[in-house]
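Q: Put together the whole structure using the sequences plus the hints.
Chains as they are written, first to last, in this note's numbering: chain A, 473 to 886; chain B, 3 to 414.
If you're looking for bench data, these hints aren't it; they were derived computationally from the structure.
No experiment lies behind these values; they were computed from the predicted model shown.
Hints are supplied without guarantee of correctness; some may be wrong.
To be verified - With a straight-line cut-off of 16 angstroms between C-alpha atoms, the simulated EDC-like cross-links for lysine to aspartate or glutamate are:
| id | chain 1 | residue 1 | chain 2 | residue 2 |
| --- | --- | --- | --- | --- |
| 1 | A | LYS831 | B | GLU182 |
| 2 | B | LYS27 | B | GLU412 |
| 3 | B | LYS304 | A | GLU761 |
| 4 | A | LYS831 | B | GLU162 |
| 5 | B | LYS28 | A | GLU761 |
| 6 | A | LYS602 | A | GLU618 |
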Amino acid sequence: MDSRDELAARLDACQKCSVCTAQCPVAKVNPHFIGPKGLGPDMERFRMGQIIQGETTLDDCSNCKTCELTCPSGVKITEMILNARRAARQAPNSNPLSLKLRLRGYVLGRAEYLGKLGVIWPSLTNQVLKIKLVRVALDRALSISESGPLPAYAKPLKLQGDKGEKLGASARKQVVYFPGCYTRYNEADTGRIMIKVLEHLGYKTIVPNFHCCGLPLEANGQFEQAHKNGLYNLELMRPYLEAGLPIITSCTSCGLTMKEDYPKLQTTSAQLIGTQTYDLFEFLWQLYEKGELPLDFQEVKASYGYHPPCHLKAQGIGTPALRILGLIPGVKIRNLDAGCCGLSGSYGFKAEKYDKAMKIGSTLFEAINVGAGRGDFQGMTTECGVCKVQIQHGTGLLTEHPVCILAKAYGLIN
Amino acid sequence: MWDAIVVGGGLAGWIAGIRAAQRGKKVLLVTEGVGTLFYFSGIFDYGDVEGLRHLPKHPYTLFDSQAILQGQHFVQEICPEYVVSDQPQTAFTVLGSVRQGDLMPRSMVLPNRQAQGRFVLLVPEGLKDFFPEIVAANMTREFPGWQVSVKKMQVEALAEWTRLGKSVSSIDYAAIWRSEAGQRALAQEIEGIKRQYQEAGKSSSQVVVVLPSLVRGYFDSSRTKPFRNEFSLPVMEMSSFVPSPHGRYFAEYLKHTFTDLGGELMIGARAVSINGEATVEGQAKTCQELIVHSMGKSLRLKGKKFILATGGLLGGGIKVSMARKSITEGVFDLPLYVPNEWSGPKFFAPQPFTQAGVETDEFQRPLDPTSGQVVWDNVHVVGRMLAHWDPWTQRCGGGVSLTSGYVAAELI
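A: This is the structure in structure tokens:
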């Protein structure tokens, strides 16, 4: 840890300038939320004196990390809030959440189990979830908003083992793919397209039977389970990490979790995961720089608005997808960068938060509607699955993962 | 390989990045956070340019007066609400006193003090850190020929805030004014003021509505609807407390201008060091790559030119350890000029520490203060990191940052 990190880790680095609260998407729409400065560094002083807030106060934070990106003094605000939530859960005299909210946390945190259930018979699940009565029931029973854009389920992504092949430098080019729950259960097509693209580049993709990365669990207060998932996934990755294989993800939130949280876990492979995890386009850009990215692009006559997800920004890698797509003849992209979409994982699915999530996203929706209305672009593109769901819900504009555009350029899909 | 990598997302960094991108260069801007632009009042100060140019090492001595003027016109070009004027202009501070400025948005420029008229100070409910009585008293003192009245207004969207007795920051109000509903509410309120005057049989022709933080200047028509000026009375805006809406929206505006020109922003990444060596023995070194800490790993970013825009003591570009055991520049580890005396006893007097920074040659390349040799051949230093100036007492913060950023971009 260098001196800057030490300083930032300390509470005193916060100069109380309130820039984080001014940028916080939640504080903007929710007067009951005291904002990141209040909930993070200000209340941290009380927490140090063992005064622990209830979970509902802390629960208003959507974990988008805009405050951390914003802070001019490098204070880890979201981390402070997450730790406080952990403490609130364990506090002996804490005022527990109602059974309903606990149950909801359990359900929404387990995107993975929902996924496993949903894909048994995807068309049936989707039909059932479209029934108004079902949504009303979910709203009453679990406070899952009846208006929220719950994603549809599809045929799940097939796992691909390494089939006992030799791993590492002398073997043929291999990558490990961490699809994440959304790609695996809701939108496996994106995953299949990505595997095709990697194949076109000469890479064999290994897809082990990973569990959920843990982020939705954490966001819903299921800290122990999140920790267990992290350790399980790392153990599954260990042989690949030790053989030097890159771990690739097409989901920016899974990517952030693997880069930010997994290195802190107490297991040997934790030391490798940070440096070996790549966002798909971060990986492709690295190939391009080495001259290994095939440039046999067909012209793609299409224009897109681009939404950089909050959890991509938090990775501090810029916008590699735009760099790659910029190489394709014909593609026109405008980087909208108009703030958080509001959904923030499962935040916008919660009944009491749905309206706020839509308000948070309104700046982005307006930018999209104005741009599309003027003919600046025809479709939207973004890496994050739930941002995509929310954008389609808020604007009705077709939104796809940037890898789909790349696959079109390689002639792999139409 | 980037044509230029700009390190730091403050005023000087953005200006350098935008100008370089406008010139068709491939530019990457790396920044850890949003920088100190959130403290920007909306007004650029240039100070006594000719006087400061006579100080032997002041950054203004690095530029000819043509460059200083070009920098001003560049701001006007990218944000047409700023109008270059050879007359000094004045604006209301957040306390209602009057301050001079050299380049400010049209909507902030005060009318003639000798004339007569009426100011209606429109105060949105619960505006944080805003004291209408003090502001009105100061306005009356500054404009003796003008009548000043205070009118309060409520906004439907913030009814819940009002009910809770919670204050609303000027940034939140600025967001409301920029929305369709907010513009409508404001237009109605102003129409109401006009009618009131007319019904009382008074002329409304000399009425000027003064509003805190309208931030009309930074509308981005490429992403959102342009501000429609449909108010029935002239509206003037004053500057705000920090975090300032002018700063927030100007930063946002610069970001969008930059990315629309093809520049790439890498936020949340901290530049930590560089690699490079001298191509000819004994000559200045050439920087090849910048090492940046992203989440989980270090990135090596290769560039032809590098612009150091990390700010000074406030922005975090210059790090001072406890008891000043070390005073360093954190990315390039450049040698710094550090005054012998660090501070003086009078708080508002010029303080020696403000002069700390990197000395450069006429191309803004860093110099070793002892040998006078150029340290890096392809590195240009801009903004607060430059040595031998003091934005507080010389009032030239905007001028030095704008000009140095603009000129550095011309060298790429």
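Q: Indicate, hint by hint, whether the structure satisfies it.
A: For each hint, the structure was consulted:
As the CA atoms of LYS831/A and GLU182/B are separated by approximately 14 angstroms, the hinted pair is consistent with the 16 angstroms bound. Using a Cα cut-off of 16 angstroms, the hinted pair LYS27/B and GLU412/B holds, with the two alpha carbons roughly 11 angstroms apart. Under the criterion of a C-alpha separation no larger than 16 angstroms, the hint pairing LYS304/B with GLU761/A is consistent with the structure, at around 10 angstroms. Between LYS831/A and GLU162/B, the direct Cα distance comes to roughly 15 angstroms. Compliance with the 16 angstroms bound is thereby established for this hinted pair.
With a CA separation close to 15 angstroms, the supplied pair LYS28/B and GLU761/A stays within the 16 angstroms bound. Proposed proximity of LYS602/A and GLU618/A is supported: the alpha carbons are some 10 angstroms apart, at most 16 angstroms.
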